[in-house]
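My request is simple: use the sequences and hints to build the entire structure.
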Amino acid sequence: MTPRDLMGAALRGLSANKLRSLLTVLGVSIGVGAVIVLVAVGNGSGKAVQARLEAMGTNLLTVSTTGGGGGFARGQAGPSAQQYSLTLADAAALADDRLAPDVSAVAPVMTSSGTATSGDTSYTVNQVIGTTPEYMPATNTPVELGQSFTQQDVDTSQRVILLGQTAATELFTRPATAVGQTIKLGAVDFVVRGVLASKDSTGFSDPNATAIVPISTLRATQAGYGPLNQIVVQAADKDRVDTAQAEVTQLLTARHQVPTDQTSPFRIANSAQILQTSQDTAATFTALLATVAAISLVVGGIGVTNIMLVTVTERTREIGIRKALGARRRTILGQFLIEATLLSLIGGAVGVAVALIVTRFQLAGVQPVLVPSSIGLALGVSAAVGLFFGSMPAHRAAGLRPIDALRHE
Amino acid sequence: MAADALIEIRDVTKRYGSGETAVHALRGVSLRVEAGEYVAVMGSSGSGKSTLMNILGCLDVPSRGEYWLDGSNVARLTEDQQALVRGRKIGFIFQSFNLIPRTTALANVELPLTYAHLRRTERRKRAARALALVGLSDRADHRPNELSGGQQQRVAIARALATGPRILLADEPTGNLDAHSTDEVLGMFDQLNADGRTVVVITHEHDVAARARRLIQVSDGRIVADEVTRR
Ligand SMILES: Nc1ncnc2c1ncn2[C@@H]1O[C@H](COP(=O)(O)OP(=O)(O)OP(=O)(O)O)[C@@H](O)[C@H]1O
Ligand SMILES: [Mg+2]
Chain A
1 MTPRDLMGAA
11 LRGLSANKLR
21 SLLTVLGVSI
31 GVGAVIVLVA
41 VGNGSGKAVQ
51 ARLEAMGTNL
61 LTVSTTGGGG
71 GFARGQAGPS
81 AQQYSLTLAD
91 AAALADDRLA
101 PDVSAVAPVM
111 TSSGTATSGD
121 TSYTVNQVIG
131 TTPEYMPATN
141 TPVELGQSFT
151 QQDVDTSQRV
161 ILLGQTAATE
171 LFTRPATAVG
181 QTIKLGAVDF
191 VVRGVLASKD
201 STGFSDPNAT
211 AIVPISTLRA
221 TQAGYGPLNQ
231 IVVQAADKDR
241 VDTAQAEVTQ
251 LLTARHQVPT
261 DQTSPFRIAN
271 SAQILQTSQD
281 TAATFTALLA
291 TVAAISLVVG
301 GIGVTNIMLV
311 TVTERTREIG
321 IRKALGARRR
331 TILGQFLIEA
341 TLLSLIGGAV
351 GVAVALIVTR
361 FQLAGVQPVL
371 VPSSIGLALG
381 VSAAVGLFFG
391 SMPAHRAAGL
401 RPIDALRHE
Chain B
1001 MAADALIEIR
1011 DVTKRYGSGE
1021 TAVHALRGVS
1031 LRVEAGEYVA
1041 VMGSSGSGKS
1051 TLMNILGCLD
1061 VPSRGEYWLD
1071 GSNVARLTED
1081 QQALVRGRKI
1091 GFIFQSFNLI
1101 PRTTALANVE
1111 LPLTYAHLRR
1121 TERRKRAARA
1131 LALVGLSDRA
1141 DHRPNELSGG
1151 QQQRVAIARA
1161 LATGPRILLA
1171 DEPTGNLDAH
1181 STDEVLGMFD
1191 QLNADGRTVV
1201 VITHEHDVAA
1211 RARRLIQVSD
1221 GRIVADEVTR
1231 R
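Chain order of the listed sequences is A and B. In terms of our numbering, the first sequence opens at residue 1 and continues consecutively. In terms of our numbering, the second sequence opens at residue 1001 and continues consecutively.
Please note that a few of the clues may not be correct.
[Unchecked claim] Computed cross-link-like contacts, SDA-like style, restricted to lysine to any residue with a CA-CA straight-line distance of at most 25 Å: (1) B/K1125 to A/R12; (2) A/K18 to B/T1103; (3) A/K18 to B/P1101; (4) A/K199 to A/S118; (5) A/K238 to A/I268; (6) B/K1089 to A/L333; (7) A/K18 to B/N1098; (8) B/K1125 to A/L11; (9) B/K1125 to B/D1141; (10) A/K47 to A/S278.
Quick caveat, the hints were computed from the structure, so don't treat them as lab data.
Okay, here's the thing in structure tokens:
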């Protein structure tokens, strides 16, 4: 029997019960499709998180205090709370090359919020950041239109403002027209010096609904002279993040006379760590999704086995006839194996096709990124599943003595 | 053994099951059939005729005893060699037709030729010729469930003839047929035997047995009579 004859016999066998074949194919294609799509979703979300964090800058340290930061705002102005508050002097000390040689840039940060108005239009800015010009390069926040403010602007408390994309759009419709205009923030006039480049969202809040002003101006007009919310520190190099972090900790501990037996009141978030953590999380997430998908693939395989068992049982008489007419064991085996493999492969192909289409769209807010090896793996597994699971019933049938197969009811 | 015996079985027994419930379908049967004979086998129901026929057709194996077919011991043949014997030397006609469902008459007849590794065009030609021989050319594309009982039996005969086997084994081939169809089928057997093929037919009907030249009577798993009825 030529391969072509075998294929013909297998196809005739499959088409003899179309609905059943179709359902089996469906089971396999769901399994294969699920593997590819879910792995792509896991991969995509990992890539997205990584891209966002990398955009933030990987050599960034964010220093805040757990003991006294924002003490005024929380109404707990006790001496111990005060003691650990971050100050502009801390920022200045961190910027000192002799005290912290691995720190390249330091920007003190105070935040507040306020309503900005331009003519009749008003817009509530969620986050008004008071800082120094170092903040922009350190946090990867470039100015797209106009220009940044300068250290001199900070020293002289100039009333200049940089608007985030959302803020600029809300106030001026077209951000390009914003530069040079005067807006009111609270009761104070500010001149728009520049518009920040758009940023991708890293969380629930819109990172473009911001405005940045010189820290001195913010303190004078909005936030008062309380402690800093945080200090943004840029390590000189990606590889020197850890030493920079140690220097920051040491310096602040010394400056604030933290007793040695006390846990540090300063929290230093390291973006490289965050990146690593979220990459690990993404990998776990992907593995989890892949496991779920693999299970569905196995379920599809069991479907193939089940169908082949039913088919073989149902066609035992036919097998007996074929053997009586001179069919050899391997011919019978070949026919049923080809049937099982065809079911799996057609299912696999359909699964891949559907997965290729589905992964073009965002799923649950994630743009899936295909992992090419997952396609090969899913197809390979589906063929192997067909061969493995199909071979058991086929072996059983092919091993029957002709008369036993013929007598089968 | 004589070289001219095409079929020879020696002291063959067949037992189904074991212990208390064992059924002895054959209790020691010895038989020689020369090439070109036309043999009828008769006997009451349950006497072991079909069991004997299945063993002769290499579809079943005896519990004890030897079966020599065309000079070789069947028990010694490998599974593949037995398949080859079934496919090339023997044409088996079942009482219950045993056509493959959902498959056209032509494809059914073609099947043994496929297993005999014939080329596609050659297969088609021979299958069509075999169908023509049984007068069913116009039903070639019909499936078994679209054929009458007599037509199905004729397709089964065409299938048994397609490979040009030396031995034709028929288990009650006319059991389901009317007088006219029976006559047609028996005419075919006469023709085949005249061509030199060996024919063994199981039947309950005396007028069917009368067409053969040798009559074997089976009773309770034994051969009780074996006579040449016609020269
Ligand atoms: N697979 C089997 N298992 C158990 N007993 C069997 C089996 N096949 C046949 N027998 C028994 O063997 C005996 C002979 O059966 P066989 O089919 O050879 O009879 P037969 O002569 O062909 O009868 P009939 O004319 O009715 O077809 C019967 O008693 C039957 O019950
Ligand atoms: Mg019988």
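(request) Output the numbers, in ascending order, of every earlier hint that fails for this structure. (result) none
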